[in-house]
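Asks: By our numbering, the letter at position 292 of the sequence shown is numbered 292, and the numbering carries on one by one without gaps.
It is worth saying that the hints were derived from the structure and are not from the lab. Don't be surprised by glycine CBs; every beta carbon is placed ideally from N, CA and C. There may be inaccurate statements among the hints.
Distance condition first, Cα-Cα at most 27 angstroms in a straight line; then the derived DSS-like pairs of lysine-lysine [to be verified]:
(1) K201 x K220
(2) K309 x K131
(3) K243 x K108
(4) K129 x K141
(5) K141 x K131
(6) K190 x K141
(7) K220 x K309
(8) K108 x K321
(9) K309 x K129
(10) K309 x K321
(11) K141 x K202
(12) K321 x K202
(13) K131 x K62
(14) K190 x K201
(15) K243 x K74
(16) K62 x K190
(17) K62 x K74
(18) K129 x K62
(19) K220 x K131
(20) K62 x K321
(21) K108 x K74
(22) K202 x K190
(23) K74 x K309
(24) K309 x K190
(25) K220 x K202
Pairwise CB distance ranges, derived in the manner of DEER restraints [what the hints assert, rightly or not]:
(26) N61 x D188: 28 to 36 angstroms
(27) M197 x I303: 35 to 43 angstroms
(28) D64 x E315: 20 to 28 angstroms
(29) E289 x V185: 16 to 24 angstroms
(30) D242 x I300: 40 to 48 angstroms
(31) E298 x K62: 39 to 47 angstroms
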Amino acid sequence: MNQPKNSRIRRRKRRSPFRRLMRFVFLVTLLFGLTAAGYGGYLVYKIKANSDKSIVELKENKSDLRLNEVQLGKDPVTILLVGIENYQENDVGRADVVKLITINPETKEAAMVNIPRDTRTYIPAIDRKDKINHSYAYGEKNQREKAVMEATEELLDVPIDYFVSTNFEGFEEIVNELDGITVNVPFDFKQPSFERMIYFKKGEMDLNGEEALAFVRMRKQDPRGDIGRNERESEAIRAIMDKAISVQSVTKADNVIDQLGSNVKTNITLKEMFAMRNFYKTIKNQELETLPLETYPEMIDGISYEIPKDDSIEEVRERIKQILEINSSNSNYQNSNNQEKEEY
1 MNQPKNSRIR RRKRRSPFRR LMRFVFLVTL LFGLTAAGYG GYLVYKIKAN SDKSIVELKE
61 NKSDLRLNEV QLGKDPVTIL LVGIENYQEN DVGRADVVKL ITINPETKEA AMVNIPRDTR
121 TYIPAIDRKD KINHSYAYGE KNQREKAVME ATEELLDVPI DYFVSTNFEG FEEIVNELDG
181 ITVNVPFDFK QPSFERMIYF KKGEMDLNGE EALAFVRMRK QDPRGDIGRN ERESEAIRAI
241 MDKAISVQSV TKADNVIDQL GSNVKTNITL KEMFAMRNFY KTIKNQELET LPLETYPEMI
301 DGISYEIPKD DSIEEVRERI KQILEINSSN SNYQNSNNQE KEEY
């Protein structure tokens, strides 16, 4: 495996959205992985030490689609992963990465769906339809993640219970602190990264931070386009989870957590993080199911949107509801009254 120091030297170059995207994916997955490794409470302590605003209290913490509050680590729940991109100085930002993880501690099921940033959906915060990544900017100050949660509920017709968001800092450094990750490369390809070209060979490969970024950012050479890239993101997430769970050194955990700094916000409390520990200690990486949400481009009023395919989004909704046990007799769920949900 290449030495991490190369990527550290180059990290001062101009950052692309894909770099920020994978910083987000890594930080969120690391949050869960370190919790599973037993550092959940310490993680929260370190985050609080860096920023009093890291733990966010939502005005209404229970989803409108829930009859009763849920307990993380006990009940089937959803966790929304939100990556915030700031395009200009003093810009509110947009939710350029939106991923939903659904977990059932009893059945040991876990699934993840990636929602394309340009997906058109109804946004309650403005009472009209727009791109889902715009929903963050429409939310109230210090409650912007709630606006993304509500927009995601409108799209998928499932309750969104928790969120974790980040502003993307520290990806390469954290990967390198974990001594890299191991992924399964689906086919041979090459990807430019600053001053050099990185070559990937089909099969298992060890990657440092810079290489991991190149692994997930490639799209044009993938015959499946965004779908293929999303699958590589999921492959990286599994690898990150595996590496984070294996962290046994308090010193190494301390170094990794320091890299998180004040870049993560969540409504998951310290108590709930401890409750997650047993689930993430027992679930196997291969049990993190990827739910593909297929879309097609469409111009509406001169704006390009991604529109979910009817059969694809129905399959995603039904699978999430299965894991949440929404269709069971003791379901903690109430139907949405939104009649426009199918009309994107």
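Asks: Looking back at the numbered hints, which does the structure fail to meet, lowest number first?
Replies: Violated: hints 6, 11, 12, 16, 23, 24, 26 and 31.
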